[in-house]
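Asks: Those sequence lines, one after another, are chains A and B.
Quick note: the first sequence uses numbering that gives the first Met the number 0, first residue 0, plus one each step.
Quick note: the second sequence uses numbering that gives the first Met the number 0, first residue 0, plus one each step.
Heads up, a few of these hints could be off.
[To be verified] Cβ pair distances, simulated, as ranges:
| # | chain 1 | residue 1 | chain 2 | residue 2 | range |
| --- | --- | --- | --- | --- | --- |
| 1 | B | N270 | A | N300 | 19 to 29 Å |
| 2 | B | G152 | A | K103 | 31 to 41 Å |
| 3 | A | P312 | B | A161 | 43 to 53 Å |
| 4 | B | T217 | A | P312 | 50 to 60 Å |
| 5 | A | V301 | B | A161 | 28 to 38 Å |
| 6 | B | A161 | A | K84 | 27 to 37 Å |
| 7 | A | H341 | B | Q209 | 30 to 40 Å |
| 8 | B | D297 | A | N300 | 46 to 56 Å |
| 9 | B | Q328 | A | D204 | 57 to 67 Å |
| 10 | B | A161 | A | A368 | 21 to 31 Å |
| 11 | B | R277 | A | G283 | 22 to 32 Å |
| 12 | A | L170 | B | A161 | 33 to 43 Å |
| 13 | A | S258 | B | P150 | 33 to 43 Å |
[Said to hold, decoys possible] Only pairs whose alpha carbons sit at most 30 Å apart, straight line, appear in this in silico DSSO-like list of lysine-lysine:
| # | chain 1 | residue 1 | chain 2 | residue 2 |
| --- | --- | --- | --- | --- |
| 14 | A | K407 | B | K143 |
| 15 | B | K156 | A | K369 |
| 16 | A | K127 | A | K105 |
| 17 | A | K407 | B | K343 |
| 18 | A | K369 | B | K132 |
| 19 | A | K407 | B | K274 |
| 20 | A | K338 | B | K274 |
No lab work stands behind these hints: they were computed from the structure.
Each residue gets a CB set at the ideal place from its N, CA and C atoms; glycine is no exception.
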Amino acid sequence: MADQYDVIVLGSGPGGYVAAIRCAQLGLKTAIVERENLGGICLNWGCIPTKALLRSAEVLHNMKHAAAYGLAADNIRADLDAVVKRSRGVAKQLNQGVTHLMKKNKIAVHMGTGVLKGAGKLEVTGEKGSETLSAKHIIVATGARARDLPFAPADGKRVWTYRHAMVPQELPSKLLVIGSGAIGIEFASFYNDMGSEVTVVEMMDRIVPVEDADVSAFLEKALVKQGMTILTGAGVEKIEVGPAGVKAAIKGKDGKVVSGDFSHVIVAVGIVPNTENIGLEALGIKAERGIIAIDDYGRTNVPGVWAIGDVTPGPWLAHKASHEGVIAAESIARELGNKEVHPHAMDRRNIPGCTYCHPQVASVGLTEAKAREAGYTVKAGTFPFIGNGKAIALGEPEGFVKTVFDAKTGELLGAHMVGAEVTELIQGYVVGKTLETTEAELMATVFPHPTLSEMMHESVLAAYGRALHI
Amino acid sequence: MPIEIKMPALSPTMEEGTLAKWLVKEGDTVSSGDIMAEIETDKATMEFEAVDEGMIVSISVPEGTEGVKVGTVIAVLAGEGEDASAKPAAKASAAKPAAATAPVAVAAAAPAAAPVVAPVAKGDRVIASPLAKRIAEQKGVDLKAVKGSGPGGRIVKADVEAAQPGAAPAAAPAGPVAAAQVPDFGIPYEAEKLNNVRKTIARRLTEAKQTIPHIYLTVDVRLDALLKLRGEINKALEHDGVKLSVNDLLIKALAKALIRVPKCNVSFAGNELRKYSRADISVAVAAPSGLITPIITDAAAKGVAQISTEMKALADKAREGNLMPHEYQGGTASLSNLGMFGIKQFDAVINPPQAMIMAVGAGEQRPYVVDGALSVASVMSATGSFDHRAIDGADGAQLMQAFKDLIENPLGLVA
Numbered sequence: 000m001a002d003q004y005d006v007i008v009l010g011s012g013p014g015g016y017v018a019a020i021r022c023a024q025l026g027l028k029t030a031i032v033e034r035e036n037l038g039g040i041c042l043n044w045g046c047i048p049t050k051a052l053l054r055s056a057e058v059l060h061n062m063k064h065a066a067a068y069g070l071a072a073d074n075i076r077a078d079l080d081a082v083v084k085r086s087r088g089v090a091k092q093l094n095q096g097v098t099h100l101m102k103k104n105k106i107a108v109h110m111g112t113g114v115l116k117g118a119g120k121l122e123v124t125g126e127k128g129s130e131t132l133s134a135k136h137i138i139v140a141t142g143a144r145a146r147d148l149p150f151a152p153a154d155g156k157r158v159w160t161y162r163h164a165m166v167p168q169e170l171p172s173k174l175l176v177i178g179s180g181a182i183g184i185e186f187a188s189f190y191n192d193m194g195s196e197v198t199v200v201e202m203m204d205r206i207v208p209v210e211d212a213d214v215s216a217f218l219e220k221a222l223v224k225q226g227m228t229i230l231t232g233a234g235v236e237k238i239e240v241g242p243a244g245v246k247a248a249i250k251g252k253d254g255k256v257v258s259g260d261f262s263h264v265i266v267a268v269g270i271v272p273n274t275e276n277i278g279l280e281a282l283g284i285k286a287e288r289g290i291i292a293i294d295d296y297g298r299t300n301v302p303g304v305w306a307i308g309d310v311t312p313g314p315w316l317a318h319k320a321s322h323e324g325v326i327a328a329e330s331i332a333r334e335l336g337n338k339e340v341h342p343h344a345m346d347r348r349n350i351p352g353c354t355y356c357h358p359q360v361a362s363v364g365l366t367e368a369k370a371r372e373a374g375y376t377v378k379a380g381t382f383p384f385i386g387n388g389k390a391i392a393l394g395e396p397e398g399f400v401k402t403v404f405d406a407k408t409g410e411l412l413g414a415h416m417v418g419a420e421v422t423e424l425i426q427g428y429v430v431g432k433t434l435e436t437t438e439a440e441l442m443a444t445v446f447p448h449p450t451l452s453e454m455m456h457e458s459v460l461a462a463y464g465r466a467l468h469i
Numbered sequence: 000m001p002i003e004i005k006m007p008a009l010s011p012t013m014e015e016g017t018l019a020k021w022l023v024k025e026g027d028t029v030s031s032g033d034i035m036a037e038i039e040t041d042k043a044t045m046e047f048e049a050v051d052e053g054m055i056v057s058i059s060v061p062e063g064t065e066g067v068k069v070g071t072v073i074a075v076l077a078g079e080g081e082d083a084s085a086k087p088a089a090k091a092s093a094a095k096p097a098a099a100t101a102p103v104a105v106a107a108a109a110p111a112a113a114p115v116v117a118p119v120a121k122g123d124r125v126i127a128s129p130l131a132k133r134i135a136e137q138k139g140v141d142l143k144a145v146k147g148s149g150p151g152g153r154i155v156k157a158d159v160e161a162a163q164p165g166a167a168p169a170a171a172p173a174g175p176v177a178a179a180q181v182p183d184f185g186i187p188y189e190a191e192k193l194n195n196v197r198k199t200i201a202r203r204l205t206e207a208k209q210t211i212p213h214i215y216l217t218v219d220v221r222l223d224a225l226l227k228l229r230g231e232i233n234k235a236l237e238h239d240g241v242k243l244s245v246n247d248l249l250i251k252a253l254a255k256a257l258i259r260v261p262k263c264n265v266s267f268a269g270n271e272l273r274k275y276s277r278a279d280i281s282v283a284v285a286a287p288s289g290l291i292t293p294i295i296t297d298a299a300a301k302g303v304a305q306i307s308t309e310m311k312a313l314a315d316k317a318r319e320g321n322l323m324p325h326e327y328q329g330g331t332a333s334l335s336n337l338g339m340f341g342i343k344q345f346d347a348v349i350n351p352p353q354a355m356i357m358a359v360g361a362g363e364q365r366p367y368v369v370d371g372a373l374s375v376a377s378v379m380s381a382t383g384s385f386d387h388r389a390i391d392g393a394d395g396a397q398l399m400q401a402f403k404d405l406i407e408n409p410l411g412l413v414a
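With the rest of the complex left out, here is chain B:
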């Protein structure tokens, strides 16, 4: 029986995506595991794999099509010996596709992947009025972060409106990108269409800067002890193929600092403050399609060698555009490091709904006063950006102090 292949939901929140590329054409025979297409979501490009065997009877959505709704039939597959012209039976289309085709990347992450509706993990259902849902969509408000005041905690219009009191309607999803009017001065240029990653970056960073009152706190941190420790660990673990980077240690330091100063490990969620009991660190990685932030979950509890191994794998995937949604969605704070470019110090934009991001510059030899005498030390500047709605200056300062302390006394990172 012919099988309808539908646009898959590659993440819990995915509602539509771009069919970036077809790797098969009508008449091709595919077998289970063959990659049929590349699908681009707002965060990543994913490969879409065949689960069943058969011949591609028709492709109904051409490649390059943007905004393909989840559940839309994109192709039809006929089993061996079947009449290729046969129309897929309605019954099959309703029951089968979920089992018939599933993107390999998602198979493990979303067990209940029902392609017709964006699947939501059990217990994750957002209870909201129809109007609240629509306004949230228009304003770009994440309903999961909104507390409902209606009967039984139902989210109603007033809750969504209060979620972002200062937010101009222009901050709606299409807002900052579509609204940017650039006059043409006759300077020769080439127009490059924005990919979804770029659009998401534009939207989220605009939202962050417009809605989050940022406060910036900078400290200078001596690195000598950390560099020495790193050398020793790398030497000791050489045979295990472990090679720690400074960044791996900074991930650990930030995570531990957040556990020490829990007031900074939070999200500002309209009516409430979410205080996280675990520090998941989003690490900024420059990928060809744009910035992405894979996550080291529970980094404070992980050994530095494990963090290093995980980070390498995630960074590789990020650069290839192969990150799975759960690998880049979430995180309780972020780390951004531009030291490798010789940047001395910078202020990063908070990655909502997180409430802090640590921006670290280059470690460099600087004149440094130790015990009243001028000497030379390896020093880097680190600047924390904090959501001032959620975090007071003194609390942010405590976090910076803890971060500095952990790096300057790095045995705490491996203990």
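Here chain A stands alone, though its shape is the one from the complex:
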């Protein structure tokens, strides 16, 4: 019997639904299987709704600082329910957008839980019972979920994961955030702005540990200034959940364990890939600690089975998943005989990362320390927001832009930013890196005035001892 589909995509997050669209664009008969919401975590429970929450927090912050801009606002308060409602509305709008995109691209949507049943076979169990779909290729894009602390499983009441933190019924009076990666720091920043008393505990010796050390140091100072308590090199040993709150035993840098009382806890200590119970083991698909091994195009060790996004090695970011989805789709089309498509291998050095705390953090490529570790002779330049006219006009004079170059070849190895709107700026460097820029092209680029982007220019100039405005 002929296969029903050329491709079935299992999971409709930003990896899966983008892969499905690209498959359809390339003329492949495509189906997508989703157990919950089209769009996956990203736009239902992740990236997008949190940005909506953080936008509310930002507006609140600005209102509270209205006087600094010569404006007056009285009786400023936040309506938590309305803030959450707006966030859910944004998610819903985008979820409908994905539904529309599937329809437009004539992608068959099968709602239900999918399990691989041998080569090219996928059993989908939904509300209306089970059906077995067949396809030449299957893309696994089932994503990931929050990792639980063994001694403090999330209950949604006092102990939250990101998912609970996104739809709070009440504002935590005293919040403990465990983990200072992007998710932990974003919620810490949101609740701090909303008025909670926030404590962040990070095991590593600095917050946002994947970022450049200068960025971590700057952000910690900024957050502490905003009233946050930050404990680095510290770990939560024990949590006791009581009716009125949570008692946490926190082991500090000095090795002493202190007890603290909190109203709520957010656990943000990483993610676990959703690779159990989907039939991977029976097919003999290679994985390590649940993370599926793939080549640069998304192929697993089993022909016809592909994997993209959070089920594969990191970074675990939506845009990385989408990009892998496109590469896998194009690679499949090519295997099916389309010689017009030329998929490119995933280059992990050029995947940017953005954290939407206040101030924002954005980066791409190697940190200065990582570059030195890798054996490069480094030229690094930093330019502060205080030296930029637009930043001062915006009332956002805090932050910096740092660039890291290979002194020998002039290759842009990395860029690291902290400050207002840097998440929108980083892309300039990502384009440059993808085009394999050296310092010369960046220096020769005209940056518009007055913009924050001028700092990107100055940072490059600074790396070569030529900064103009400092």
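Add chain B to chain A, keeping to what the hints say.
Replies: Coordinates of chain B only, in the frame set by chain A:
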């Protein structure tokens, strides 16, 4: 209006050169065709001719200056009756110099000579990322020989890095020369500054020996038939002023052998093998400034008399340092002959990006076994050096066999 005279690009790849000598001085009047200066590139010294008439107002680059970038203003010329002190207008400098002055040697070779940037023939543009270009420059990799793996065949960093996987960074242009540390033992010596030709030889030969795995194959070749044929041809063409040398016939023999064994008429280009459909023979000539290899293009298709005439002209030019870039850049294989010095046999270094070079020794009377009986014959030894990455031993051996066969049965060379 005063005209800026700029450092000319004397070859497609020239980026800088040495202003070896000024033949005019400030205040001199020049007219079209006058030789103003001698400019030394990495391969040759060329005369730089005036195209316009006028007076040399100023000379901004003194003679002996090395590393003068192409496009640098080296002098200013004022037209008749013009205010000699007037500064050249910016407009003129941008538009005019290309037309105003052009080295006579290059005028024909590089029609699009825009002195500001090293001109590249149309369709010859190398598409490469900025980083790939810079690394190629640092490593001394010729981007034209690199296959791009980026979008639309664009050459990216990884391609350049793979182009010479084993190459140490020390093989960079300045490497072998600058890095050579020679201790001073107090022996009296005179230090002679290296000219550009010597620097290029040092760089390219180091690169060749370090990156090309050489394999050497030697054959003995009987010359009697060839010498006899040469005598007859020379006698027959005496009135036409043709006097073939043995070397002229060897050029032809090598070219024909390469056409017969095309597996040896190749270049190893990183990701690909270039198989040439024409045999262009670079012939080593000892010039006063150093070794140079003028080229007989498509030698297999040329008559031996034509090869002889061309070779004479090229060798004269080479000795005078007057070769034009297209006359010594390229070639698909080389021929080196040290027979005139009585050298019996030697192994030559491949001239990259070529994949083979034929080294021939002296033709001499040797005891030789013919049909089971010892007799005396004119014999020479020839050794082919092959790039073993591109050419297998058996294929190289086939070429040597074809070369030998063509010389021993030389009517094939004139047929």
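Asks: Please check whether D297 of chain B and N300 of chain A have a Cβ separation lying inside 46 to 56 Å.
Replies: holds, 53 Å
Asks: Go ahead and decide if the range 27 to 37 Å is satisfied by the Cβ distance of A161 of chain B to K84 of chain A.
Replies: Given a distance of about 56 Å, which is not inside 27 to 37 Å, the answer is violated.
Asks: Has the hinted range 57 to 67 Å been met by the Cβ atoms of Q328 of chain B and D204 of chain A?
Replies: holds, 59 Å
Asks: Falls inside 19 to 29 Å, the C-beta gap from N270 of chain B to N300 of chain A?
Replies: At roughly 27 Å between Cβ atoms, N300 of chain A and N270 of chain B fall inside 19 to 29 Å, so the hint holds.
Asks: If you draw a straight line from the CA of K369 of chain A to the CA of K132 of chain B, is it 30 Å or shorter?
Replies: holds, 25 Å
Asks: Range hint 28 to 38 Å: satisfied by the CB atoms of V301 of chain A and A161 of chain B?
Replies: Holds - the Cβ-Cβ distance for V301 of chain A and A161 of chain B, about 30 Å, lies within 28 to 38 Å.
Asks: Against the 30 Å threshold, does the CA-CA distance of K407 of chain A and K343 of chain B hold or violate the hint?
Replies: violated, 47 Å
Asks: Are R277 of chain B and G283 of chain A spaced within 22 to 32 Å by their CB atoms?
Replies: violated, 54 Å
Asks: K338 of chain A and K274 of chain B: Cα distance at most 30 Å?
Replies: Distance ~26 Å between K338 of chain A and K274 of chain B Cα, so the pair holds.
Asks: Could one say that the CB atoms of S258 of chain A and P150 of chain B fall in the range 33 to 43 Å?
Replies: violated, 58 Å
Asks: Looking only at beta-carbon atoms, does the pair L170 of chain A, A161 of chain B fall within the given range of 33 to 43 Å?
Replies: The hint (33 to 43 Å, Cβ to Cβ) is violated, given that L170 of chain A and A161 of chain B are roughly 57 Å apart.
Asks: Check whether the Cα positions of K156 of chain B and K369 of chain A lie no farther apart than 30 Å.
Replies: holds, 20 Å
Checked against the numbered hints given earlier, this structure breaks hints 3, 6, 11, 12, 13, 17, 19; the rest are met.
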